[in-house]
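Those letters in the sequence shown? Residues 1 to 101, per this note's numbering, in order.
Please keep in mind that the hints were generated in silico from the structure rather than gathered at the bench.
Watch out, some of these pointers could steer you wrong.
[As the list claims (entries may be wrong)] In silico DSS-like pairs for lysine-lysine, Cα to Cα no more than 25 Å straight-line:
| hint | residue 1 | residue 2 |
| --- | --- | --- |
| 1 | K91 | K54 |
| 2 | K39 | K65 |
| 3 | K91 | K39 |
| 4 | K65 | K34 |
| 5 | K100 | K34 |
| 6 | K54 | K39 |
| 7 | K100 | K65 |
| 8 | K34 | K91 |
| 9 | K91 | K65 |
| 10 | K100 | K39 |
As the structure is a prediction and not an experimental result, all values here were calculated from the model.
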Amino acid sequence: MPTIYKPKKAQKPKENNLYDEERRQIYQSTRWRKLRALKIADQPLCEMCLQEGKTTIAEDVHHIKSFMSTDDSVLRRALAYDYDNLMSICKVHHQMIHNKG
């Protein structure tokens, strides 16, 4: 059987746009890492699984309202670091939430 060589798709260079840069700055900050660790320590179980009557270890921390949903940089930082805007969540539910959007 002959081998068919498919040309590789040209990869687009990743854009270092403002959106990505701001997200990276927040998620790589010491402040975020400490806040994330605090949330997991306070609520080590997935909050969505608990609503379903299941017990699952939370591996992620999800922003209930995305901090990137606003163009206001002050509000963006407030949302990013607002403890009450965070949810301890398992990988499965986190992926489900982001796949909906």
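Going down the list of hints, with the structure as the test:
Proposed proximity of K91 and K54 is supported: the alpha carbons are some 14 Å apart, at most 25 Å. At roughly 16 Å between alpha-carbon atoms, K39 and K65 fall within 25 Å of each other, so this suggested pair holds. Simply put, K91 and K39 have alpha-carbon atoms about 15 Å apart, close enough for the 25 Å limit, and the pair holds. Between K65 and K34, the direct Cα distance comes to roughly 19 Å. Compliance with the 25 Å bound is thereby established for this hinted pair.
Note on K100 and K34: the hinted pairing is violated, with a Cα-Cα distance of about 28 Å set against a maximum of 25 Å. The suggested pairing of K54 with K39 holds, with an alpha-carbon distance near 19 Å, which does not exceed 25 Å. With a C-alpha separation of about 14 Å, the suggested pairing of K100 with K65 holds against the 25 Å cut-off. With a C-alpha separation of about 20 Å, the suggested pairing of K34 with K91 holds against the 25 Å cut-off.
Taking the CA atoms of K91 and K65, the gap is near 18 Å; set against the 25 Å cutoff, the hint holds. Restraint check: the Cα-Cα separation between K100 and K39 comes to about 24 Å, which is no more than 25 Å; the hinted pair holds.
Checked against the numbered hints above, the structure breaks only hint 5 and satisfies the rest.
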